[in-house]
Amino acid sequence: MTATASPERTGPHDTASRPSRRGDRTFEGIVRVAAFTILVSLVAVFIFLAIEGWVGLTADPSTYEPFTSFITYITPLVVSTLLASAIALIVAVPFAIAVALFISHYAPRRLAAVLAYLVDLLAAVPSVVFGLWGGRYLAAYLQPLHVWLHAHFGFLPFFGPEPPSPNGRSLFTAGIVLAIMILPIITAISREVFAQTPRLHEEAALALGATRWEMIRYAVFPYARSGMVSGVMLGLGRALGETMAVAMVLATTPNTTLNVIGVASPPTIAANIALNYKESTPERQSLLIATGLVLFVVTFLVNFAARWIAGRSARRMDR
Amino acid sequence: MNTFSVRRVAVPAIAVLTVGLTLTACGNNNDNGGGSSTGGSGGGTINGGGSTAQAVAQQTWRSNYQKQNGGTINYEEVGSGTGVENFISKAYVFAGSDAFLTPQQINQAKSACGGDPIEVPNYVSPIAVAFNLPGIKSLNLDGETIANIFNGSITTWNDPKIAQLNPNANLPSTAISPIHRSDDSGTTFNFTDYLSQASNGAWSDAANVTWPKSVSGGQGLDGTSGVIGGLTDTPGAIGYADDSAVKATDLGVASVKVGNDFNPPTAEGAAKVLELSPLEHGRGPDDMAIKVDRTSTEKGTYPLLLVSYVMACPTYSDATTANTVKGYLTYVVSSDGQQAAAQSAGSAPLPASLSQKATTILSKISSGS
Numbered sequence: 001m002t003a004t005a006s007p008e009r010t011g012p013h014d015t016a017s018r019p020s021r022r023g024d025r026t027f028e029g030i031v032r033v034a035a036f037t038i039l040v041s042l043v044a045v046f047i048f049l050a051i052e053g054w055v056g057l058t059a060d061p062s063t064y065e066p067f068t069s070f071i072t073y074i075t076p077l078v079v080s081t082l083l084a085s086a087i088a089l090i091v092a093v094p095f096a097i098a099v100a101l102f103i104s105h106y107a108p109r110r111l112a113a114v115l116a117y118l119v120d121l122l123a124a125v126p127s128v129v130f131g132l133w134g135g136r137y138l139a140a141y142l143q144p145l146h147v148w149l150h151a152h153f154g155f156l157p158f159f160g161p162e163p164p165s166p167n168g169r170s171l172f173t174a175g176i177v178l179a180i181m182i183l184p185i186i187t188a189i190s191r192e193v194f195a196q197t198p199r200l201h202e203e204a205a206l207a208l209g210a211t212r213w214e215m216i217r218y219a220v221f222p223y224a225r226s227g228m229v230s231g232v233m234l235g236l237g238r239a240l241g242e243t244m245a246v247a248m249v250l251a252t253t254p255n256t257t258l259n260v261i262g263v264a265s266p267p268t269i270a271a272n273i274a275l276n277y278k279e280s281t282p283e284r285q286s287l288l289i290a291t292g293l294v295l296f297v298v299t300f301l302v303n304f305a306a307r308w309i310a311g312r313s314a315r316r317m318d319r
Numbered sequence: 320m321n322t323f324s325v326r327r328v329a330v331p332a333i334a335v336l337t338v339g340l341t342l343t344a345c346g347n348n349n350d351n352g353g354g355s356s357t358g359g360s361g362g363g364t365i366n367g368g369g370s371t372a373q374a375v376a377q378q379t380w381r382s383n384y385q386k387q388n389g390g391t392i393n394y395e396e397v398g399s400g401t402g403v404e405n406f407i408s409k410a411y412v413f414a415g416s417d418a419f420l421t422p423q424q425i426n427q428a429k430s431a432c433g434g435d436p437i438e439v440p441n442y443v444s445p446i447a448v449a450f451n452l453p454g455i456k457s458l459n460l461d462g463e464t465i466a467n468i469f470n471g472s473i474t475t476w477n478d479p480k481i482a483q484l485n486p487n488a489n490l491p492s493t494a495i496s497p498i499h500r501s502d503d504s505g506t507t508f509n510f511t512d513y514l515s516q517a518s519n520g521a522w523s524d525a526a527n528v529t530w531p532k533s534v535s536g537g538q539g540l541d542g543t544s545g546v547i548g549g550l551t552d553t554p555g556a557i558g559y560a561d562d563s564a565v566k567a568t569d570l571g572v573a574s575v576k577v578g579n580d581f582n583p584p585t586a587e588g589a590a591k592v593l594e595l596s597p598l599e600h601g602r603g604p605d606d607m608a609i610k611v612d613r614t615s616t617e618k619g620t621y622p623l624l625l626v627s628y629v630m631a632c633p634t635y636s637d638a639t640t641a642n643t644v645k646g647y648l649t650y651v652v653s654s655d656g657q658q659a660a661a662q663s664a665g666s667a668p669l670p671a672s673l674s675q676k677a678t679t680i681l682s683k684i685s686s687g688s
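Chains as they are written, first to last, in my numbering: chain A, 1 to 319; chain B, 320 to 688.
Don't read these hints as lab results, they were simulated from the structure.
Some hints could be false.
Stated by the list, open to error - Only some residues are given here: those of chain A computed to face chain B with a beta carbon under 8 angstroms:
{"hint": "1", "residue": "144"}
{"hint": "2", "residue": "201"}
{"hint": "3", "residue": "205"}
{"hint": "4", "residue": "252"}
Claimed, not checked - Below, a list of computed lysine to any residue pairs in the SDA-like style, where the Cα atoms sit at most 25 angstroms apart:
{"hint": "5", "chain 1": "B", "residue 1": "429", "chain 2": "A", "residue 2": "59"}
{"hint": "6", "chain 1": "B", "residue 1": "456", "chain 2": "B", "residue 2": "429"}
{"hint": "7", "chain 1": "B", "residue 1": "429", "chain 2": "A", "residue 2": "149"}
{"hint": "8", "chain 1": "B", "residue 1": "429", "chain 2": "B", "residue 2": "608"}
{"hint": "9", "chain 1": "B", "residue 1": "532", "chain 2": "A", "residue 2": "180"}
{"hint": "10", "chain 1": "B", "residue 1": "409", "chain 2": "A", "residue 2": "52"}
{"hint": "11", "chain 1": "B", "residue 1": "532", "chain 2": "A", "residue 2": "163"}
{"hint": "12", "chain 1": "B", "residue 1": "610", "chain 2": "A", "residue 2": "66"}
{"hint": "13", "chain 1": "B", "residue 1": "456", "chain 2": "A", "residue 2": "136"}
{"hint": "14", "chain 1": "B", "residue 1": "429", "chain 2": "A", "residue 2": "283"}
{"hint": "15", "chain 1": "B", "residue 1": "618", "chain 2": "B", "residue 2": "601"}
{"hint": "16", "chain 1": "B", "residue 1": "532", "chain 2": "A", "residue 2": "67"}
{"hint": "17", "chain 1": "B", "residue 1": "532", "chain 2": "A", "residue 2": "158"}
{"hint": "18", "chain 1": "B", "residue 1": "532", "chain 2": "A", "residue 2": "65"}
{"hint": "19", "chain 1": "B", "residue 1": "532", "chain 2": "A", "residue 2": "162"}
{"hint": "20", "chain 1": "B", "residue 1": "409", "chain 2": "A", "residue 2": "286"}
{"hint": "21", "chain 1": "B", "residue 1": "480", "chain 2": "A", "residue 2": "163"}
{"hint": "22", "chain 1": "B", "residue 1": "576", "chain 2": "B", "residue 2": "508"}
{"hint": "23", "chain 1": "B", "residue 1": "409", "chain 2": "A", "residue 2": "136"}
{"hint": "24", "chain 1": "B", "residue 1": "532", "chain 2": "A", "residue 2": "289"}
{"hint": "25", "chain 1": "B", "residue 1": "532", "chain 2": "B", "residue 2": "566"}
{"hint": "26", "chain 1": "B", "residue 1": "456", "chain 2": "A", "residue 2": "67"}
{"hint": "27", "chain 1": "B", "residue 1": "532", "chain 2": "A", "residue 2": "258"}
{"hint": "28", "chain 1": "B", "residue 1": "566", "chain 2": "A", "residue 2": "136"}
{"hint": "29", "chain 1": "B", "residue 1": "683", "chain 2": "B", "residue 2": "594"}
{"hint": "30", "chain 1": "B", "residue 1": "576", "chain 2": "B", "residue 2": "453"}
Every value quoted in this text rests on a predicted model; they were computed, and no experiment measured them.
Backbone N, C-alpha and C fix where the C-beta goes; we use that ideal spot for every residue, glycine too.
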């Protein structure tokens with residue numbers, strides 16, 4: 001930090017005319033305001049959730065219909081949220097890294113540019129469209145896969161023992177849709193960090209007789225690790241909070257289940273808020289805001305973990 | 320540098336211009352708004368909102384009323400809960416809700432209105448039990464069988480209990496996939512109310528806007544459109560939705576047992592049930608909360624229906640507001656208004672007796688106290 005900050009303060013521009021210095025100071029002010037606005041809005045959201053949701057934590061038992069307490073109400077939602085995000089990550093991460101590697105190290109330059117553009121375009125599709133497509137179209141095509149998974153892996157708690165979904169509107173399909181939605185985020189970030197690998201490292205690896213895959217393994221991956229982790233964590237954050245797509249794809253039931261290909265699963269926290277906020281009494285609304293507080297905390301922990309992991313890798317790299 | 324200095328001048332200049340223009344535009348709007356709400360003829364601007372079930376009907380009523388009387392009627396489709404909340408906080412001068420006010424809400428509304436709130440039914444709609452079975456357009460079902468299908472006791476379409484009610488139907492052995500609403504909904508409330516009243520105890524839960532937890536195996540989908548989509552996509556599925564939404568599809572529709580007959584959903588049948596139902600006990604004279612009797616055996620009735628209400632204050636401090644609310648809501652419950660909604664939203668017109676009673680109550684709305 002100090003290395004980049006000092007030239008600006010004592011650099012050649014210091015002796016230039018006064019207006020440019022004033023410009024500098026104005027600019028610094030603007031950037032600082034921008035940075036603090038983020039902080040303030042984050043704190044404001046937290047305060048809103050805490051104040052509005054507080055009553056929802058200890059309300060009359062009838063508020064928690066069809067459950068009786070906050071813990072029993074939130075548990076199925078948290079389980080579903082984590083399950084859906086896990087499915088999304090398991091599917092999206094290897095895929096995204098493979099796509100990013102292909103774009104940065106394998107594809108001819110022209111193809112790489114087109115491919116990168118297409119992946120970025122995927123990020124521009126609104127989640128409502130993904131929801132519509134996933135629920136009415138993709139689900140029907142994934143339904144036979146549900147039957148197959150149930151027939152061959154039904155002994156696992158994730159694929160049985162209840163019968164598979166008759167129309168594919170399951171947590172599994174929701175997870176696949178989420179995977180498609182977070183794919184561009186992970187791909188874009190991984191691609192950028194892969195491309196940043198110092199050319200000398202790569203050439204050194206190749207000169208030592210490494211194959212291309214070995215070069216990627218020993219030169220590119222260690223260098224890009226923190227960036228990849230950041231990308232995955234950003235994707236996870238998106239998956240945890242995604243609302244519309246899950247609400248539109250998933251068939252819900254209040255009953256907790258680990259079975260991701262069953263007839264129905266509890267909704268995720270975000271989807272549950274979207275589904276029920278409109279038609280609910282004030283007490284129910286504060287309950288839903290309280291579930292939002294839980295999601296906020298979960299997302300915060302995830303982001304905190306991401307920062308920590310990314311920071312640890314960066315520190316190791318500095319050494 | 321040259322371009323930079325131009326930009327430095329141009330950007331703030333444009334910004335100032337934009338802000339200035341926007342402010343002027345706002346000012347103009349306000350002037351217009353104030354200017355049009357003159358006099359006490361019922362042509363003022365009023366804000367209301369609530370039930371999404373009423374959305375299409377409210378649109379029709381608003382445009383018809385505004386054509387006749389001028390003024391602006393706003394109705395926000397924010398959902399029943401938020402509608403009532405905003406009515407209590409005085410953000411809305413009237414609200415639409417699929418559930419009548421709870422005693423606690425009545426007390427809150429009392430202090431907001433300065434008197435007992437007015438509550439009249441304004442929207443009635445039959446709910447259809449629809450299913451997806453190729454080649455079968457109609458089935459006879461009774462309350463007990465519907466309850467057993469939705470609670471998972473009956474799992475295939477050729478179950479003897481269904482076959483017994485439909486001796487002539489060629490029922491397949493397809494598994495039944497019951498579909499319900501995943502969002503809190505007035506439709507769910509009325510459907511579960513029917514099941515708890517008319518299923519001979521097969522349905523153990525009380526009526527609720529939330530689908531009960533004790534019932535396992537069903538699929539919850541989002542909104543009426545979600546349920547219709549799920550029914551269309553899933554062979555063997557059965558679900559409940561507003562009759563007007565089901566009519567637009569080629570799904571099969573169940574005829575529900577009433578006495579010894581099986582009646583398909585009809586507007587007349589729903590209206591007749593409402594006419595035969597008593598009012599809720601212990602409420603004010605201007606409160607028409609109806610305790611819908613879904614066990615009636617009267618000929619031609621259809622007990623699966625949704626009743627939605629509109630809430631207003633008996634007095635408003637402002638004469639224009641009072642007259643506009645009175646004028647608009649009187650039109651809504653009038654036979655003209657009810658017919659218009661029936662045509663656009665497929666609702667059931669209020670029976671004449673209820674329409675008259677509602678008109679009498681609404682005509683008491685006045686300004687000042």
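Hints the structure violates: just list their numbers, smallest first.
-> 1, 2, 3, 6, 7, 9, 15, 23, 25 and 26
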